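Novice: Based on the hints, put chain A in the right spot on chain S.
Chain order of the listed sequences is S and A.
Each number in the numbering used here corresponds to the 1-based position in the first sequence with 649 added.
Each number in the numbering used here corresponds to the 1-based position in the second sequence with 75 added.
None of these hints come from the bench; they were simulated from the model.
Don't take every hint at face value.
[What the hints assert, rightly or not] Think about it this way: if two alpha-carbon atoms lie no more than 35 Å apart in a straight line, the pair counts; the simulated DSBU-like pairs of lysine-lysine are:
no., chain 1, residue 1, chain 2, residue 2
1, S, K853, A, K368
2, S, K754, S, K869
3, A, K166, A, K126
4, S, K869, A, K221
5, S, K823, S, K866
6, A, K211, A, K161
7, S, K823, S, K853
8, S, K869, A, K126
9, A, K83, A, K166
10, A, K90, S, K853
11, S, K866, A, K221
12, A, K90, S, K869
13, A, K161, S, K853
14, A, K232, A, K221
15, A, K232, A, K166
16, A, K211, A, K166
17, A, K211, A, K182
18, S, K853, A, K126
19, A, K126, A, K164
20, A, K368, A, K232
21, S, K853, S, K682
22, S, K866, A, K161
23, S, K823, S, K772
24, A, K166, S, K853
25, S, K853, A, K182
26, S, K754, S, K853
27, A, K166, A, K368
28, S, K754, S, K682
29, A, K182, A, K161
30, A, K126, S, K866
31, A, K221, A, K164
32, A, K211, A, K221
33, S, K866, S, K853
34, S, K682, S, K866
35, A, K83, A, K211
36, S, K869, A, K211
[As the list claims (entries may be wrong)] Listing some non-contacts, in silico: residues in chain A with all C-beta distances to chain S over 12 Å:
no., residue
37, D111
38, E210
39, A233
40, S259
As the structure is a computational prediction, the values presented were derived from the model and not from experiment.
Quick reminder that beta carbons are idealized off the backbone N, C-alpha and C, glycines included.
Residues per chain, in single letters:
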Amino acid sequence: MLEVPGLVRPYLRRPYSVADADSEKGEIEFLVKTIGRGTEALERLSEGSTVNLLGPLGNSFSVEGVPSGRRAAVVAGGIGAAPFPLLFRAVARRGASCDFYFGGKTGAELSLRSRFEEVVPGKTILATDDGSLGERGLVTQVFERRAAAGEPYAIVFACGPMPMLSALSRVVSKLRVSAEFSTEAEMGCGFGVCLGCVIAGAEKPFLISCQEGPILKPEKIAWERV
Amino acid sequence: MSSLLSVKLGPLELKNPILTASGTFGYGLEFTDFVDLSSLGGICTKGLSLKPHAGNPPPRICETPAGMLNAIGLQNIGVEAFLRDKLPKLKALGATVIANVWGDLEKDYVTVVRALEGADGLAALELNISCPNVEKGGMLFGNSPKATASLVARVRKATRRPLIVKLSPNAPDLVESARAAHESGADILSLVNTFVGMAIDPETARPRLSFGTGGLSGPAIKPLAVRMVFQVARALPGVPLIGIGGISELPDVLEFLAAGATAVQIGTANFKDPGVSGRLVEELVRYCAERQKPVVSLVGRAERLPAKADEAGAEG
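Here chain S stands alone, though its shape is the one from the complex (with noise of 0.2 Å):
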């Protein structure tokens, strides 16, 4: 959670996912789109400004279910691909590789895809609703097609807009596949207190996205109450 100390407006610090780490350096990347009134107050810091942040909260994405020489999936949509350069390292460094799939209504959403390409260990496969960059369709879509033709995925990881994740859901339930997804909602403290995040689950009412996820498996979802 970020906030940009002094303000009122915004009022609530805001959730990032951490893009990269560099632990030598002292060093935290965020990915960061300006959407609303916290982004904007990121955005207006000048370089040198001082935020204030807590966390690391919530889970992770389980890097361990991808086994030494097999190969993972991660979807993205937009600027859901904020937290997968650390996750791409994360599985080249055990030996695994993980191909990404990172879509977007048109190609200029897609600008972040060359932060991507150094660190993906596997094939990039861009897709836009409008054809102007990369295959055209939603990446849901397009990594339905290309996943059943080939060798299957040990594990996808995915995040984006939840209608997307909510496709999503239903393509790895077909494919029979495993699937850990960063889920969106609305957050006001991050560490399980205000409980204002929580989404519809399937085995009880509801699932706290910050203390139980933010990272959820799709089945653990009650995607109709979504």
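Specialist: Frame of chain S, contents of chain A only:
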């Protein structure tokens, strides 16, 4: 040093006047990385019902200027799980625990209060008659002085513990509600809960919260809450009050004390800054020590000034 900060609210003695507000502090245990729970005057638990309660569907919160709206809907683990899983740990950590209680019907409140009566390690009860985010119970008891009086009288008979009643700022006449609660047996009044508000997405014209309306909290409500504490303090002299509403720094605490509150609860600020309550205790210790003044001498200073502010009111 600590005696400078100790306060007495009727039968309830607290080591200092900084408490945390129900619904903003979980069951306390979530905060142990940020606050020494034993350093606080007290913690008010998430509102407890007899059975676990799932709460409202999302979206449940939305940010507003200098605050937020919430319609959580009193999601909680239920009184049994609280007594089994939370209270013993809180006691071991030296926390002063105030159990916040709610129900749909009068008898539900009484059942929860009875279940808590034998428990070891509870300092007081706080009745939530002011939650705006449930279909039944909650605010319905707080919005009518008659309903308030009936509920408080029944609960009073069921407990020997210090009884706090948390008032709704949405009541048509807050002073009458406060009087009803006090005359029916409340030892202490806490005020205020959240203000009913609403936010609408300008593009889709849909309410931003699934419940439609929600409770407004945060710095945005502080002047309203200060005014209400001031009014009730003046109307009901001698009734111990706990001030709540947008407190996030020491001057806010001092302001509520001046208005007539003997203690305060920190609410929404806990979300933004989980260490804030512990820091406010330290700052208040320093403030009182530097001036060699006990905190009780700061209570009601504004209220003792010549009458004026409570008369002018909204017409001004």
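Novice: Can you list which hints this structure breaks, lowest number first?
Specialist: Violated: hints 1, 4, 10, 11, 12, 20 and 31.
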